[in-house]
Amino acid sequence: MGEKVFMQGNQAMAESAIRAGCKLFFGYPITPSSEVPEYYANVMETRPEEGVMFIQAETEVAAFNMVAGACATGHRAMTATAGPGFDLGQEAMSYMSAADIPSVVVEVQRPGPGDGEILAAQGDYFSAVKGGGHGDYCNLVLAPYSVQEMCELMQEAFDLAQKYSNPVVLLTDATLAKMRESVELPGYKEAPDPKTVRNALTGCKGREPHKVVTCGDGAVQWEEFNLRLQEKYAKIAANEVRYQEYNMEDADIILVAYGSVARVCESAMKLAREEGIKVGMIRPISLWPFPNVAFEGKKGKKFLVVELSAGQMVQDVKLAVDDKKDVTFFGKLGGTTPSPKVVLEQIKKLV
Amino acid sequence: MKAIYEKPQVFTDAITTYCGGCGHGIVGKLIAELIDELDLRENGILVWPIGCSCLSDRYYDMDAFMALHGRAPAAATGIKRADPSKFVLCYQGDGDLVSEGMAEIMHAAIRSEKFTVIFINNAIYGMTGGQMAPTTLEGQYATTAPKGRKEINSGFPVHMAEIMGMMPGVCYSERVTVTNPGNVAKCKRALKKGFENQIAGKGLSFIEILSPCPTGWKMSPLKAMEWVDEVVAKEYPLGLIKDTTKEEN
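Residue numbers (the numbering used here), protein chains in the order written: chain A, 17 to 367; chain B, -6 to 242.
The hints are simulated quantities; they were obtained by calculation from the structure and are not laboratory data.
Idealized CB from N, CA, C, for every residue including glycine.
Check each hint, because a few of them may be wrong.
Said to hold, decoys possible - Below 27 Å or equal to it, Euclidean Cα-Cα: the simulated DSSO-like pairs (lysine-lysine) are:
#1 A:Lys221 - B:Lys22
#2 A:Lys221 - B:Lys185
#3 B:Lys185 - A:Lys205
#4 B:Lys235 - A:Lys221
#5 B:Lys0 - A:Lys227
#6 A:Lys227 - A:Lys194
#7 A:Lys179 - B:Lys79
#8 A:Lys227 - B:Lys185
#9 A:Lys221 - B:Lys143
Stated by the list, open to error - Chain B side only, calculated, beta carbon under 7 Å to chain A, not exhaustive:
#10 Ala(-4)
#11 Asn36
#12 Cys47
#13 Ala57
#14 Phe58
#15 Ala67
#16 Thr70
#17 Pro77
#18 Glu93
#19 Gly232
This is chain A alone, in the form it adopts within the complex:
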């Protein structure tokens, strides 16, 4: 690990990406993600020895496709955006998953729909986790809940993208992106030699040509292509489930939350415990693959799912629990975040 600093989420995350060997950033400014491209642009000028390249793309459409091209060469590259920009990137998300391109995308959630607002929200769960683009594909989606975890998952995202040749989405929100916390920055990692990255376009000297192609050639061939992709997703689903449990031993009521609102729920859980209410919490970290295993064998427990949305992750919770009648939802919309006391009131309704 590196030095301990007091740093903003977006900036700490960008520094971690650079230290993970991601020297290429293609992006379009959008609140609340703009500190990431700004950070890269600054490092390009102030730390020339690190060989960082930042390109401000004309659109998110272009930025995501630039990332696709750059990652196809075996180099580490990324972009960062917010909901409206992530929408524009969807064709490339579908493409990169189909083309086995190991890419990393940061999505800082803000409230939609439409032009929306710029505060914290979790309404882009569906587009990140279910795949907002066309066809049957999956993004590996990681949801940190602190600046420290943002830094760690940022670095891990590049390894996972390469391990599975698939896009990894780091799904954060405006609160995490903008808040400052004490953080121990990760150390520098050596990016892999592009020639060792599977199917990387490095020029075909001394080997068979590599082709990055997602174009079908008849139903039989295309079914085989799709089945091979499904094998990739099955491997990810089997190996990359992440979640954290809190006070589960004696819990009667289990909070379920991810991202910044999980911090609120953590406080609400403590308040409830002080009043003698046995509350625990499950915090999904991998949103896809969803941690179904964390919900098994808990029939009769009461689950309270708290989201900054009208109810998106709650659908996955209902699929994961033994009895969906055990699941209650509490959501806040439009950029509002509940206080721990407000969540405590919701907990008390279940007692």
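Fit chain B to the known structure of chain A by using the hints.
Below, chain B alone, put in the same frame as chain A:
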């Protein structure tokens, strides 16, 4: 016995999906010859578009990236910026470059990306079955312009080579065609110039090629060639539009 003609080495044995009389195949062969002549096979990455040429990765024994519709210049930007040592060729048709990907080609030119763009202008959407392109001539029939393209509905044909010539980031822009052996030779010279500019690290090179589409135009191959020379080339004049590399010499 001395061989006087051979298939370019970079070509695979794959059979193209092009119709008889199509210009793509002629241009494709010129690209292959130049890859051989300039020894680009082992250090090159070909970026292909959506359209009639979308299976082109199969024809060349080289690394290739089959881009999304219109996004070839963005993908090529990512590739060239990640590894500037590679020769990167971006090949696009008129639906891809002028319609779906207008932003991407314009901004690649604005940034003066150091790759070569080949633009096949056949004034129609070939692969999807003869729909109107932004380059379709006024009055020209298309399945989505059944009484011919009308200004009031669809505006005017787009002159990409001239537009690119106006961009400071473009070092070379020329419009050529492939309708007879003389024109094919001129086309190859233009392509070679575009390739060499990239090898020399100069700005974006843009070669627009007027290409016959007998199937889309519902003409015989011969008639389609004549139509390029007599009608299409009137709208889109052939010739050099810009070459800043000459001034440097």
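Going through the numbered hints above, which ones does this structure break? Give me the numbers in ascending order.
Violated: hints 3, 4, 6, 9, 10, 17, 18 and 19.
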